[in-house]
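Chemist: Here's the letter readout for the chains.
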Amino acid sequence: MHRIKCPFCGERDESEYIYQGDASVSHPPFDASIGDFYRYVYVRDNPKGWHREWWHHVGGCRMWVQVARNTLTHEIYATAPAGGVLDFPEDA
Amino acid sequence: MRTHKQPCRLDTGGSSIQRGKPLRFSFDGKSYTGFEGDTLASALLANGKHLVGRSFKYHRPRGILTASSEEPNALVELRKGAFREPNTRATTIELFEGLVAKSQNRFPSLAFDVLSVNQLFSRFMGAGFYYKTFMWPSSFWEPVYEKFIRRAAGLGRAATLPDPDRYEHAHHHCDVLVIGGGAAGLAAALSAGRSGARVILAEETPRLGGSLSRTDIIDGAPADEWVRNTRRALEALPETQIKTRFCVFGYYDNNIFAAIERVGDHLAATPKHLPRQRLHTIRARKVIFATGALERPVVFDNNDIPGVMLSSAVRCYVDRFAVAPGKSVAIATNNDDAYHTAFALLDAGINIPVLADARLAPSALSERARQLGIRVQHAMLPQCAHGSHRVTALSLQRTDGAFAERVRCDCIGVSGGYSPNVSLISQRGERPRWREDILAFVPETNKTEDIGCAGACHGVFDLNACLQDGFDMGERTAKELGFDVDTQTAPSAPSQEAGAIHPLWRCPGNGKAFVDFQNDVTADDIHLANREGYSSVEHLKRYTTLGMATDQGRTSNVNGLAILALAQGKSIPEVGTTRYRPPAVPVAIGAFAGHERGKNFQPVRRTAMHACHEKFGAVFVEAGQWMRPRYYPELGENMEAAIWREAKLVRENVGVCDVSTLGKIELFGEDAAEFLNRLYINGWSKLPVGKARYGLMLREDGAVFDDGTTSRLGNNHFLMTTTTANAAAVLAHMEKYAQTVWRDLDVHFCSATEQWCGVSVAGPLARETLKAVFKGAVDLSNEALPFMGVREFVWNGTTARIFRISFSGELAYEVNVPWGYGEAMWERIMDAGRAFNIIPYGTEALGVLRIEKGHVAGSELDGRTTATDMGLGSMLSSKKQFIGLPLSRREGMTSPKRPSLVGVKPVKPKQRLRGGAHFVTDIAKKGKIESLGWISSVADSPAVGCWIGLGYIQGGHTRIGEKVTAWYPMKNEMIEVEICDPVFVDPKGERLHG
Ligand SMILES: [Zn+2]
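Sequence order for the protein chains is A and B. Whatever position you read off the first sequence (first residue = 1), add 25 for the numbering used here. Whatever position you read off the second sequence (first residue = 1), add 18 for the numbering used here.
Heads up, a few of these hints could be off.
As the list claims (entries may be wrong) - Derived DSSO-like pairs: lysine-lysine, alpha-carbon spacing no greater than 30 angstroms straight-line: (1) B:Lys754 <-> A:Lys30; (2) B:Lys530 <-> B:Lys617; (3) B:Lys897 <-> B:Lys793; (4) B:Lys897 <-> B:Lys946; (5) B:Lys617 <-> B:Lys633; (6) B:Lys754 <-> B:Lys633; (7) B:Lys633 <-> A:Lys30; (8) B:Lys897 <-> A:Lys73; (9) B:Lys290 <-> B:Lys261.
Claimed, not checked - One-sided excerpt, in silico: chain B residues whose CB lies under 7 angstroms from chain A: (10) Glu718; (11) Asp719; (12) Gln757; (13) Val759; (14) Asp762; (15) Pro904.
Note that these hints are calculated values from the structure, not bench results. No residue lacks a Cβ here, since even glycine has one placed at the ideal position from N, Cα and C.
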């Protein structure tokens, strides 16, 4: 089980969070094409290695937190608030 | 107390047992006596019982092989009735007064088993037997094959009653977790603990000391004394905890461990204040594995006859339990360790007819054995064990397979060398490394910083080296964590010269030589599987079931791999290993559930008015975690009648319904209206303060997500309501967009569901009722509070909110007061309403009323439907953009062929509609049934006078007046129904505007 450092609450157990998926995709502007929205809703990479993710701190401050997690090793390198800069290791 | 004589109990010795405390127990209905400190296995052996079970496939007689939790054979059913537990290992069950156990897998009795004829047909039951035999015809699977397999292959029988025991969960955080309380583990805990680090020492058995024997000397004293002193020293350390009967069975990411603590298993009955078992979750910064090594059996013909036992187990039973496993114990080994067993037997005065050593040359120990008068035979292998229910003799052969001699014996102690116990470490996926010098896999731990290994579990077998290794590892680990370590010397033991080990994987022979005792896999099965192409170790495992039993093959895996490697002409590491998985030992499902079962499975949420509902005799229904009144039966009234009455009386007089469970979210901010515009399909900018509006929101994929009314309480202040089911999901959805997508919007919101409780007061007399309640605190006239009007007012010193909204289609109000005032509000409404014949109504009547009015709810919002499907397409604003709009325009989402909302009623008014029935046509013609849509909700409507329903059908309202068939395959019902308008009651809306 992970421990995830919430930028607002500090280090907390994984059980306080809900995983909310890929944070590297961003919501298209409303005037974008149906194709853009289709990709936003349905199309995801399945990377082996470092991944930018959303974890929702539902059992804490209820903030959406960006998490740099390695899908292979489960290592968590860094976290950041939504809109903040998320650090990744240099080899990522 | 009447006790039975224990014919195989030695007169002296036995460090684990208390002779002053005899205990009676029964096995297969017969009573026996043992001593406190015995395991069931040692007590059975003390009574001369070797035959304790039948094997899985061939139903061969099986005896006790080990003295530890790796036991593959001695699995029994423990206790009775609801407490009955199958497949418990006799070697780990601590004896208690009145223990009741039964053997398994035998029919009708252990000594005479009908299915043991299986072994006469064993050439049909080799590797892959199940795959081959039960392949064809496939139609036989369920009726014939499965029943046979279950009958033939089942081990124990689980209790069929609910588990009456209690289980607890506990969590720990420590700096260093030491797994294993043997010599290396104790030394590691000692040095790590002295540094001040928080240490947990976990030991699976009730006692510390592991495989230390009576004759071992540590720091100049007998080992048992050193163990006692070390225990005392550890107990004096404030941050160190010793946990016994505490088995670590799972190793997970981030150094998290799961352990099962047997709190009450060793007692006749668990005391009321204690759980039977505790499931522990341990988060350790560092871990030291000191899990020891497991002795391997020797693979020779008939090596499964009761009386064949691991050499270390023979020693343990003699030393710890003062039990003679036989009157005459032959020993077969390929290494030095078995000599210590011979010495222990000699000490106890037990005859050793021969010690067969596979090694060609004598070692220091074999010389010592000779001097003590033991008949040591080198270059000598076991050939075949003789006997049926108990060993009677052992045939020996030379290394070339030539028969040498036959010796009479009633027990054979075997040692095929030691395998480090890597089952827990390898759960993390690290492949162990083969060491040819000790013929064993050792864990590869240098890759991971947080893991350390000490002692036999990484191939250090000498006692002095184990103590040093453990002590160093504890010290190093504490240092790495930043603790100060005083220089201390490690405990020491006299060093012993260790002789080499000789490979001994399959002694020559043509009979049944078992590799995996629990799953009945022989050496021949491995050869056969290899010949048939199952050459990869993972295929071999699945085809032969080697290592797939509850012991995960801990005594069999290395022998099996070696035999496969020999067959393929490869080295053992080339063949590879299989992976162990948690749990390392069987764990009761109840332990995982802990307290979270039955009513405690999840929290129960009750509204502020729960007690009021109980007083009215409400029957409750679970709505997610909420308990909601379903209906309020009057004396002698059944559910259908109560619902019908409630729905009828609301439309005639007035009714009150607890709607507190609806999700409530308060929004604030300059951009709150804009935020709502983007969430909902309809617009909010022009909603005046003091007004409510019905809203529908979509998911990003264009399907309907949720609905509810939202009120404008101030220019920048809204109160949104959601369905009960989606309250949490809607809040998370809003948080996502506010926090991650439209961060520039000035909007803030939070859940207010549990801050405000709510009732709906509905019916033609609703206004009169509330007038009597509020007595002028708020103007309820149609002019002051028209349909969809909202007011906040002070009532009895607290803020109240009133919303003129209607789900039923009647004149209706929803009143919210702070949660703590709920009961008071309910009672005042009931008091005031008595003059108007008010009734409380539940969720069922609420459902009837909304179906009569054609309002959609959960069954219509099923995650697949669009706004247009629901007949709410006109709400889709064309002046703004909102979540779900782009993808709601996809071809499939706008197809005219999509079923859309209609009402439905039976053509014959007495007939009942079924939710879930499908609309079908032309059944007679085509033979193939084609669905046009489905019925989503039904109600026995007092207002219409027959069953009515809502549903979706292709063509939607264009079919109004058409008759179609509704087919309900669950009951094979087909009835004719008429498609009609979904609004059955007051289509013009005169009542709710009244
Ligand atoms: Zn937080």
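Chemist: Could you grab the alpha-carbon distance between B:Lys530 and B:Lys617 and see if it respects the 30 angstroms cut-off?
Modeler: Violated: B:Lys530 and B:Lys617 sit about 52 angstroms apart, past 30 angstroms.
Chemist: Hey, does the B:Gln757 contact hint survive, CB to chain A under 7 angstroms?
Modeler: holds, 5 angstroms
Chemist: For the pair we were handed, B:Lys633 and A:Lys30, check the Cα-Cα distance against 30 angstroms.
Modeler: Given that 30 angstroms is the threshold and the Cα spacing comes to 48 angstroms, the pair is violated.
Chemist: For the pair supplied as a hint, B:Lys754 and B:Lys633, confirm whether the alpha-carbon distance does not exceed 30 angstroms.
Modeler: violated, 42 angstroms
Chemist: Hey, B:Lys754 versus A:Lys30, does the alpha-carbon distance stay inside 30 angstroms?
Modeler: Holds, because 19 angstroms separates the two Cα atoms, which is no more than 30 angstroms.
Chemist: So, as I understand it, the hint says B:Asp762 touches chain A; can you test that by seeing if any CB pair is closer than 7 angstroms?
Modeler: violated, 10 angstroms
Chemist: Against chain A, run the beta carbon of B:Glu718 and see if the smallest gap drops under 7 angstroms.
Modeler: holds, 5 angstroms
Chemist: Going straight from one Cα to the other, do B:Lys617 and B:Lys633 come out at no more than 30 angstroms?
Modeler: holds, 21 angstroms
Chemist: Hinted pair, alpha-carbon criterion (30 angstroms max): B:Lys897, B:Lys946. Please report holds or violated.
Modeler: violated, 46 angstroms
Chemist: Quick check on B:Asp719 please, does its C-beta sit within 7 angstroms of some C-beta on chain A?
Modeler: Holds - the Cβ of B:Asp719 comes within 7 angstroms of chain A, reaching about 5 angstroms at its closest.
Chemist: Grab the minimum C-beta distance from B:Pro904 to chain A and call the hint holds if it beats 7 angstroms, violated otherwise.
Modeler: holds, 4 angstroms
Chemist: Hint validation: B:Val759 versus chain A, beta carbon distance must be below 7 angstroms. Holds or violated?
Modeler: holds, 4 angstroms
Hints 2, 3, 4, 6, 7, 8, 14, counting from the list given before, are not met by this structure.
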